[in-house]
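Chemist: Sequence:
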Amino acid sequence: MSMKLNMVTTLAFILLYVSFVRSQSGGAATPAGAASAGAAPAGATPAGATPAGAAAAGATPAGAAAAGATPGGAIFDVTKYGAKPNADITQALADAWKEACASTSPCKIVIPTGTYKLGTIELKGECKSPIEIQVQGTLQAPPDLTGEDWVHFKYIDYLSVTSGGVFDGQGKQAWESNDCDKNPKCARIPMNLKFSFIKNAIVSDITSKDSKNFHIQVLGCNNLTFQHVNVNAPETSINTDGIHIGRSLGINILNTNIGTGDDCISLGDGSKQVTITNVTCGPGHGISVGSLGRYNLEEPVEGLQVKNCTLTGTTNGLRIKTWPASPAAGVASDMHYEDVVMNNVMNPILIDQEYCPYNQCNKQVPSKVKISKVSFKNIRGTSGNAAAVTLVCSSSNPCDGVELADIDLTYSGSEGPITSRCANVKPTVSGKQNPPACTSPATPKSLSA
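Under mature numbering (1 follows the signal peptide of the UniProt record, and there is no 0), the letters of the sequence shown match residues -23 to -1, 1 to 426, in that order.
Hints should not be assumed to be uniformly reliable.
[What the hints assert, rightly or not] The calculated BS3-like cross-link candidates involving lysine-lysine, where the alpha carbons are at most 30 Å apart (straight line), are:
1. Lys75 x Lys61
2. Lys162 x Lys57
3. Lys162 x Lys131
4. Lys149 x Lys249
5. Lys162 x Lys75
6. Lys101 x Lys159
7. Lys284 x Lys409
8. Lys162 x Lys105
9. Lys162 x Lys340
10. Lys75 x Lys159
11. Lys101 x Lys249
12. Lys75 x Lys94
13. Lys249 x Lys131
14. Lys105 x Lys149
15. Lys131 x Lys186
16. Lys57 x Lys249
17. Lys131 x Lys105
18. Lys350 x Lys409
Quick caveat, the hints were computed from the structure, so don't treat them as lab data.
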């Protein structure tokens, strides 16, 4: 299995490299000089690389990956910079990063198997060539609350983070003192991983464990893929969203398992063209858009695709949430959910434009966020409460273009028959509808933060 994953990540890194070469050569179909001279990509001549002339013989980058070749370049092993197991490797990683970022050919930073202490660190570009970080060991954050971000990747083009390692945030102390859900002026608490202004990157085969705050935050990124990622934290951990996305374009979350104490995946304002496929979620608060409409100058959320996902024991399922009394108008549009299984999920389908946790707003003033072009198709399984479908839209800005198709949810609890509630929306309905759409005033039992 590990060999297969290594081949996949190697192929992904090579494809990033090929894209990088094309971008540097103005979109040429092949790396500079490769077609005429049969040369291998830069740095591909060390032992194990594809021999010169392979391109002329019909070899391709994908074929090179299958043969075990890599784009070459230097390997920066943090142990060569003084890193030792069970010791602090912050400076060693910073030194390795500095040299790797200056490399003119694709390179790798390797953190070998073992357990290491790591303080807050910023790994920042711009770098001169693609970088792969192979985290094979376990990295442990300081247990205290120092810093806003633990590991922060920033301003990097062509990045790969791989190889089965664990980022352990050691968050128990933070959860016990965290009051940020009720106190908007609370102190900032570190996130495990933050990706800011990253382009053309892949994060695969890593685990984020027990983060003090969000596990992974994505801000201002373009073309970033997460695959085979595991997120683990107790159900009682506070504000530990699995992957939170904001003001980013082209984010893919694939074949990923998330269990945490808050939203498994959450989309903040400005999230566009987000694909979520083959994700398992639970425990947690489901897959959420929002909350939106709390602040001025929020950007639209557009182009969400959620498909082939399974949610188990979550406090919400597929949720879109906006605040009442919005200070400015907002938009959430073109959001589509298909082939999703619910296992004892509270509020499996939920649009909540009266989202107001801990009564921090005026519910008498409607939300100004416009929700449109939303579809729920082939959503099936079991609900944890009677109100399985709840569509509560803004009275001043009703939802448009909402579609319910082939909904098959059951409930066997003590609250009574399964029901559906709608306000300020007239959904288009097709196929099986269990519960029948918009037939009850039932109130959801739990609208978790």
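Chemist: Could you grab the alpha-carbon distance between Lys162 and Lys340 and see if it respects the 30 Å cut-off?
Modeler: holds, 22 Å
Chemist: Is Lys131 close enough to Lys105, meaning Cα to Cα at most 30 Å?
Modeler: holds, 14 Å
Chemist: Has the given pair, Lys105 with Lys149, been kept, meaning a C-alpha gap of at most 30 Å?
Modeler: violated, 39 Å
Chemist: Quickly compare the C-alpha distance for Lys284 and Lys409 to 30 Å and report which way the hint goes.
Modeler: holds, 19 Å
Chemist: For the pair we were handed, Lys162 and Lys105, check the Cα-Cα distance against 30 Å.
Modeler: Measuring from Cα to Cα gives roughly 40 Å; hence the hint is violated.
Chemist: Is the straight-line distance between the alpha-carbon of Lys101 and that of Lys159 30 Å or less?
Modeler: This hinted pair is violated, its Cα atoms lying about 33 Å apart.
Chemist: For a C-alpha distance cap of 30 Å, please report whether Lys249 and Lys131 respect it.
Modeler: At roughly 20 Å apart (the allowed maximum being 30 Å), Lys131 and Lys249 satisfy the hint.
Chemist: Is the hinted pair Lys350 and Lys409 satisfied, with a Cα-Cα distance of at most 30 Å?
Modeler: holds, 20 Å
Chemist: Is the hinted pair Lys162 and Lys75 satisfied, with a Cα-Cα distance of at most 30 Å?
Modeler: violated, 36 Å
Chemist: For a C-alpha distance cap of 30 Å, please report whether Lys75 and Lys159 respect it.
Modeler: violated, 40 Å
Chemist: Taking 30 Å as the top limit, are the C-alpha atoms of Lys149 and Lys249 close enough?
Modeler: violated, 33 Å
Chemist: Run the distance test for Lys131 versus Lys186: straight-line Cα separation, threshold 30 Å.
Modeler: Given pair Lys131, Lys186 holds - Cα atoms ~21 Å apart, limit 30 Å.
In this structure, the earlier hints numbered 2, 4, 5, 6, 8, 10, 14 and 16 are contradicted, and the remaining ones agree with it.
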